[in-house]
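Whole structure, please, built from the sequences with the hints as guidance.
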Amino acid sequence: MLSFGLVDAQPPVFFEELSVGQEFTSPGRTVTEADIVIFAGLSGDYNVLHTDAEHMKSSIFGERIAHGLLGLSIQQGLASRGEPAAAHGVLSALKWKFKGPIKIGDTVHVLSRIAGKRDGPDAGRGLVTVERRLVNQRGEVVQEGETEHVVERRKP
Amino acid sequence: MSGAALAPAQCFFEDVEKGVALETPGITLTRAHVALFTGVTGDTALRDPDAVPELLPLCLSSGLGWRLPRRPLAVLAFMGFEWRIVGAVRVGDTIHSVSLTVAKRSMREGGVIIEERRIVNQRGETVQSVKLTLLVARRPVA
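These protein sequence lines map, in sequence, to chains A and B. Following my numbering, the numbering of the first sequence begins with 1 at its first residue and continues without gaps. Following my numbering, the numbering of the second sequence begins with 1001 at its first residue and continues without gaps.
Because the hints were derived from the structure by calculation, they are not lab data. Don't take every hint at face value.
Below, simulated DMTMM-like cross-link-like pairs (lysine to aspartate or glutamate); rule was C-alpha separation at most 20 Å, straight line [said to hold, decoys possible]:
no., chain 1, residue 1, chain 2, residue 2
1, A, K103, A, E54
2, A, K95, B, E1115
3, B, K1131, A, E144
4, B, K1131, A, E146
Spelled out as structure tokens, the structure:
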């Protein structure tokens, strides 16, 4: 059973209980220099965009920016604290766009909306698609896309 | 950039060849990777400790590309991607990636590259597949 942050006292939600159009807002999270350093070390992606402060002074961003995939990873954690706990809700696919930079000190949160439900890989599970937007402290959408999750159906 | 002497050696838009498969070295997934990644994401979902979070192989594949025997790609912006899980990844598995540039489109500021990437395990099974859109810098005029 999965349990999700702020709502972990609640029972998991099954496929039948999710409805198209439901919306959720996650808590916020401030992205720090430490997040970027740890992510560079973990992923091995040392692109100057994320690691060379002097080089980035003369770039269009003016400073280091977070890895796109770091923003996506933070988004995944935030969404787990904003969306209901889906029973065995495994992420199975996503379509994602990077719209703008995340800079050190920016605070982001996730807005989610259940966009679709359909039959899953077997009779016991369904597929749920969720539209998610990662929004900064100025209300700008910095990343957005659609995630697909395999969610258990309630046992008859 | 203050001078040509400081410019890092990079693989520019003009240098990228379409249709050439690039196979990276491998990386063995450990519980340490899972713990560090879960710390970064803050994902509160309780998991089997040997289950690898779905997005971790994708994130590691971006660093595997840096271990190819070529200069790093001069990425200006990661524009977007489509990704799907094909198979499960467990702690102890060793993954690598195989990438192919399938399209190149010249733009005013640089060029757009569409790359298809497969993340493959030690048994040769594709576990994740990704189609990425990257904006890459042109070679600076000397």
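Hints the structure fails to honour: none
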